[in-house]
Amino acid sequence: MAEHPIDLDLWPRAGQFHFFRTYEKPHYAVTSRLDVTHLIARKAAGLSAYRGALYAIGAGLHAVPELLMRFRGDLVVRHDQVAISMTVPTDAGSFAYAYVPWQRDYPAFDAECKALIATAAKGALNPNTGERDDVAYASCMPWLDYTSLNNALPGADDCIPRVSWGKFCDLGDRWDMSMTLEVHHALVDGEQVGAYFTAVQSALNRI
Numbered sequence: 025m026a027e028h029p030i031d032l033d034l035w036p037r038a039g040q041f042h043f044f045r046t047y048e049k050p051h052y053a054v055t056s057r058l059d060v061t062h063l064i065a066r067k068a069a070g071l072s073a074y075r076g077a078l079y080a081i082g083a084g085l086h087a088v089p090e091l092l093m094r095f096r097g098d099l100v101v102r103h104d105q106v107a108i109s110m111t112v113p114t115d116a117g118s119f120a121y122a123y124v125p126w127q128r129d130y131p132a133f134d135a136e137c138k139a140l141i142a143t144a145a146k147g148a149l150n151p152n153t154g155e156r157d158d159v160a161y162a163s164c165m166p167w168l169d170y171t172s173l174n175n176a177l178p179g180a181d182d183c184i185p186r187v188s189w190g191k192f193c194d195l196g197d198r199w200d201m202s203m204t205l206e207v208h209h210a211l212v213d214g215e216q217v218g219a220y221f222t223a224v225q226s227a228l229n230r231i
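In the numbering used here, the protein residues as written are 25 to 231.
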């Protein structure tokens, strides 16, 4: 998929971009609770709640242009599409990374996601060592109903978003879960984080 350079002379956030690039710790993480009642109902009908959550994450990322932006030095680009890279338990008892292109059509996404997860489970670690930035990282913490979370980051110039989500919680009349989005402040402000969570909730409600 294509990437598009951002003209810093015309970009309204150019000042913020240069400002937050000077920070030693420019990343921040926001955790919010999401209603997964519809997802759990669909799970009872055979849908994979895990892959459904990945689809909703992809929908949220692709609804917010800033979450598709990456910088390389002073060059900023926006990708048309990013892949979701998530950890996959391996047959050997460790984990590996899979890379799943997001597709708007859920059945198509689900089928490709299922196949790529199965392949990753039998393979090596396969980390992204910097050769691509058209990805977003995702990880699930199904053992915990956590209230906050942050990620290991290689340095201040890593601008790839990270998404994590926790245990599905039965509240009696509905189900919910925590989800965390971690971003680089040079590219993403609070308004965009809010738009991401709104889009994810919308996808969870219609999947």
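Check before you lean on any hint, since a few could be wrong.
Think about it this way: if two alpha-carbon atoms lie no more than 30 Å apart in a straight line, the pair counts; the simulated DSSO-like pairs of lysine-lysine are [said to hold, decoys possible]:
1) Lys191 x Lys138
2) Lys67 x Lys146
3) Lys49 x Lys146
4) Lys146 x Lys191
Simulated from the structure, these hints should not be mistaken for laboratory data.
Evaluated hints:
For the given pair, lysine 191 sits about 21 Å from lysine 138 by alpha-carbon distance, which is consistent with the 30 Å threshold. For the suggested pair lysine 67 and lysine 146, the alpha carbons sit about 25 Å apart, so the restraint of at most 30 Å is met. Under the criterion of a C-alpha separation no larger than 30 Å, the hint pairing lysine 49 with lysine 146 is inconsistent with the structure, at around 36 Å. With a C-alpha separation of about 25 Å, the suggested pair lysine 146 and lysine 191 falls inside the 30 Å cut-off, and the hint holds.
The earlier numbered hint that this structure contradicts is number 3, and it is the only one.
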